[in-house]
Amino acid sequence: MLKLFNTLTGRQEVFEPLEPSKVRMYVCGVTVYDYCHIGHARSALVFDVLRRHLEYSGYAVTFVKNFTDVDDKIIKRANEQGISCDTVTEKYIQAYHEDMGKLGIRPATVEPKATEHIHDIIRLTERLVANGLAYVVDGDVYFEVAQYPVYGRLSKRRLEDLQAGARVDVDERKRQPMDFALWKASKPGEPAWQSPWGLGRPGWHIECSAMSMQHLGETFDIHGGGMDLIFPHHENEIAQSCGATGREFARYWVHNGFVQINQEKMSKSVGNFFTIREIFEKSEWSEEVTGEILRYFLLSTHYHGPLDFSDQALKEAKNALNGFYDLFGRLAEPGGVVMPDQSLSQAVDRCRGAFKAAMDDDLNTPVAIAALQGLRSDVNKLTKNGLSDEGRRQVREEFRSLGNNLGLFQLERWDFNVRVEPTPAHLTLTTFPPTVKIEERITDLQIENKLAERIDAKKRKDFKWADAIREELKSLGITIEDKPDGTSRWKR
RNA sequence: GGCGCCGUACCCAAGUGGUAAGGGAGCAGUCUGCAAAACUGCGAUGCAGCGGUUCGAACCCGCUCGGCGCCUCCA
Numbered sequence: 001m002l003k004l005f006n007t008l009t010g011r012q013e014v015f016e017p018l019e020p021s022k023v024r025m026y027v028c029g030v031t032v033y034d035y036c037h038i039g040h041a042r043s044a045l046v047f048d049v050l051r052r053h054l055e056y057s058g059y060a061v062t063f064v065k066n067f068t069d070v071d072d073k074i075i076k077r078a079n080e081q082g083i084s085c086d087t088v089t090e091k092y093i094q095a096y097h098e099d100m101g102k103l104g105i106r107p108a109t110v111e112p113k114a115t116e117h118i119h120d121i122i123r124l125t126e127r128l129v130a131n132g133l134a135y136v137v138d139g140d141v142y143f144e145v146a147q148y149p150v151y152g153r154l155s156k157r158r159l160e161d162l163q164a165g166a167r168v169d170v171d172e173r174k175r176q177p178m179d180f181a182l183w184k185a186s187k188p189g190e191p192a193w194q195s196p197w198g199l200g201r202p203g204w205h206i207e208c209s210a211m212s213m214q215h216l217g218e219t220f221d222i223h224g225g226g227m228d229l230i231f232p233h234h235e236n237e238i239a240q241s242c243g244a245t246g247r248e249f250a251r252y253w254v255h256n257g258f259v260q261i262n263q264e265k266m267s268k269s270v271g272n273f274f275t276i277r278e279i280f281e282k283s284e285w286s287e288e289v290t291g292e293i294l295r296y297f298l299l300s301t302h303y304h305g306p307l308d309f310s311d312q313a314l315k316e317a318k319n320a321l322n323g324f325y326d327l328f329g330r331l332a333e334p335g336g337v338v339m340p341d342q343s344l345s346q347a348v349d350r351c352r353g354a355f356k357a358a359m360d361d362d363l364n365t366p367v368a369i370a371a372l373q374g375l376r377s378d379v380n381k382l383t384k385n386g387l388s389d390e391g392r393r394q395v396r397e398e399f400r401s402l403g404n405n406l407g408l409f410q411l412e413r414w415d416f417n418v419r420v421e422p423t424p425a426h427l428t429l430t431t432f433p434p435t436v437k438i439e440e441r442i443t444d445l446q447i448e449n450k451l452a453e454r455i456d457a458k459k460r461k462d463f464k465w466a467d468a469i470r471e472e473l474k475s476l477g478i479t480i481e482d483k484p485d486g487t488s489r490w491k492r
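Numbering (the numbering used here), first residue to last: 1 to 492.
None of these hints come from the bench; they were simulated from the model.
Fair warning: there could be bad hints in the mix.
[What the hints assert, rightly or not] Cross-link-like lysine-lysine pairs, in silico, PhoX-like; alpha carbons within 25 Å at most:
{"hint": "1", "residue 1": "K113", "residue 2": "K3"}
{"hint": "2", "residue 1": "K268", "residue 2": "K73"}
{"hint": "3", "residue 1": "K483", "residue 2": "K459"}
{"hint": "4", "residue 1": "K73", "residue 2": "K187"}
Working from the sequences, and respecting the hints, build out all of it.
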């Protein structure tokens with residue numbers, strides 16, 4: 001039984017979809033005028049995980065996430081670079097898919113673009129005009145907030161309070177400062193579509209109302225986005241949608257907290273933001289590993305709270321993951337013990353129960369991760385007595401299956417721990433005199449050969465030689481672990 | 001001015017009335033030729049501070065201090 005914190009009611013509620021075993025959710029995507037930063041990644045990830053958990057819980061999920069591809073910032077960017085808006089939006093939509101793909105974020109069921117829904121937007125705007133909730137001025141159409149009595153329900157703001165502190169530019173043509181544009185008459189050179197009010201383009205808020213209703217129906221289950229969208233964006237969506245249909249819009253409103261740098265919100269004006277691709281480029285780890293580190297980091301805090309981003313935090317995430325992949329490596333080795341692993345299946349059951357309970361508790365990923373750590377610890381203890389091959393396989397499968405809810409633990413052990421640019425490998429092949437230097441990364445075969453040589457040395461009790469080999473490999477980023485049976489394992 | 005969030009050990013982080021999960025780092029020990037990994041042990045009589053309610057509070061109430069967000073585009 002999933003409970004979610006609903007911003008609309010200000011408390012946690014049991015989630016019950018409109019239709020049994022079906023969930024329809026809409027999440028505000030991004031405006032495609034620049035590369036995504038780590039904050040966008042968090043939001044995308046939170047809802048990716050929510051979707052995965054719903055699916056794991058047996059729901060068929062229709063997940064819609066939009067691209068805002070008509071907007072002032074896009075026009076500005078296009079003008080600056082002397083290219084078309086389409087060129088700008090196509091570039092950043094592709095970049096979005098690349099970046100989020102690296103983070104293991106699955107594409108939504110439908111990813112509509114505002115420009116593909118102009119017709120729906122116009123129709124919705126017409127309905128609002130017809131209902132007396134919107135008015136037309138010089139080719140612009142505005143939503144009249146004063147005509148919508150429950151405005152402020154989501155953000156818990158009263159109209160008077162808003163006006164008292166309003167910093168909105170006073171537009172003489174608006175009846176009230178808080179009225180917002182549904183349709184804007186376009187200036188020359190701007191993208192424009194024919195409408196009943198002349199040539200123009202949609203306002204920002206109306207597109208999400210139009211697209212969500214088009215793909216999910218007038219009333220649907222979950223609407224998500226970053227906390228900063230609560231006001232005015234989501235407040236306006238509710239006003240537009242309910243105002244047009246007279247029916248309930250989204251039933252559960254879920255908002256994620258910010259990624260911060262030194263306790264401050266990341267923002268372009270402060271200049272304290274990191275793009276996703278920048279993080280991947282700077283990472284010393286391979287793309288897949290970096291993606292997993294980022295996911296682990298982003299999910300190590302509850303989605304509702306703030307999250308401080310730093311190099312150290314990333315390192316800690318890597319360290320924590322090491323423990324898991326070390327275990328997976330050991331699980332992959334043959335066990336040889338044939339006995340019922342009763343305590344093992346008990347540990348697995350315990351973890352599964354705790355994991356599910358944590359995820360059901362408003363997507364409490366830190367506690368869910370703690371459950372996985374608990375299993376890790378249990379299994380480590382049990383492997384001391386030896387586990388059957390079947391038991392090992394089952395445990396690895398369980399980690400993979402539960403981890404899939406978070407997008408973790410899908411890599412093979414050998415893919416983990418791979419560094420992006422290993423220190424230039426000057427491997428000295430001492431077995432074949434004269435000395436041969438190899439300028440590239442050491443291969444698995446070379447490592448295996450070195451390992452064989454070292455085991456040989458150990459058998460001869462030539463520990464000096466054995467240590468020298470270990471040191472040599474270590475300098476190449478290879479760590480050796482000796483097993484009790486005299487053989488060794490290694491990792492990069 | 002209005003609305004709201006946060007302050008838990010060296011670090012990260014759960015916990016919203018019943019006596020402080022988990023991880024990382026550190027230290028000590030077991031194992032090991034030595035390491036590494038794993039395991040075991042150690043670490044907040046206390047949850048920003050002060051008062052109050054209660055048999056009982058990190059959790060509820062009040063005040064104070066400190067940090068942040070939104071009210072304009074923003075994940």
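So, going through the hints one by one against the coordinates:
Proximity of K113 to K3 is assessed by CA-CA distance (about 31 Å); at most 25 Å being required, the pair is judged violated. Only pairs whose Cα atoms come within 25 Å are accepted, and K268 paired with K73 is accepted, the gap being roughly 13 Å. For the hint linking K483 to K459, the alpha-carbon distance of about 14 Å falls within 25 Å, and the restraint holds. A C-alpha spacing of about 14 Å is found between K73 and K187, which places the hinted pair at or below 25 Å, so the restraint holds.
Figure legend: structure checked against the earlier numbered hints; the only hint not met is number 1.
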